[in-house]
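Enquirer: Start from the sequences, fold in the hints, and give me the full structure.
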Amino acid sequence: MTIHQSSTNEGQGSPNLEYFAYLQDNLGVAVVPRLRRVVKTSVASGTSGIAVNIPTGAKIMDAHVICTGESSNGTMQVKTGADSPDAISNAMICATNDAIVRAGTIDDTFSYVGADGIKVFAGQVGDVGDVYIHYLMEQ
Amino acid sequence: MTIHQSSDGSGQGSPNLGFLEWLQSMFGSTVIPTLLRTVKKSIITTAVAGIAVDIPIGAKIIDVRVICTTSNGSGSMQIKTGADTPVVISDAIACVTGDVLARAGTLDTTYTTVGTDGIKIFSNGASDKGDVYIDYIM
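Sequences listed follow chains E and B, in order. Every letter in the first sequence is one number past the one before it in our numbering, and letter 121, counting from 1, is 121. Every letter in the second sequence is one number past the one before it in our numbering, and letter 83, counting from 1, is 1083.
For the record, the hints were derived by calculation from the structure and aren't laboratory data. Don't take each hint at face value.
As the list claims (entries may be wrong) - Pairs of lysine-lysine residues, derived as DSS-like cross-links and limited to a Cα-Cα distance of at most 30 Å, are as follows:
(1) E:Lys59 x B:Lys1040
(2) B:Lys1040 x B:Lys1060
(3) E:Lys40 x B:Lys1080
Expert: Below is the structure:
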């Protein structure tokens, strides 16, 4: 990491204080939670659910799958990580290699990530794909 | 630009050290790679031979959309690798009617991680024009 010298007051040394002030003005508490984040989960075998690394409190606002293999009637679905998982997205078709399929529904009852976390479930053995979950940290 | 005073040590002057601490906690190494980035490339001249896109090596392409800017029959835009012999990444996304938004139907995950050859956009016809948006994460 390069530590830039201050352009505004050499007496204050580095790092660049003008830059920090710019960050403070433009990347504040009202902005950062609105930056869309996307977490990728590669599913190679996931009928019992694969946990997703996504922070508690995140608001899931979209999901899509890019299928990585052929699997007739294949699907991927986002659910809560509870012992009895609740569906968050619909089951997205994942039957044809390379096909992109976007979520058709997101259940807002469960789209805030809770203590149980989130899991991605393949519909059946042999369903393979990369699942992208879009989320915000805005409440 | 406002230079904010420190909230946690008046002797430390500006900028606000509390803010810097918060920023550090919010943008850790596990967060930055998840931030969705989108690069826009306006195709305004012929792209039949491919036009390079400024996208970093290692980026993972996760979606592509085209907003057509000119109507042109049989128009399309397609993402491929920037190799001498380009390899298809997306399907050919229709770009036939001005203002129409069309999305990629397929992405070949074998090639969606950007390599040293980079990425290029290829149009079907010399007069196909549109704005191509490539979503990626790191």
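Enquirer: Taking the earlier hints as the rules, which of them does this structure contradict?
Expert: none
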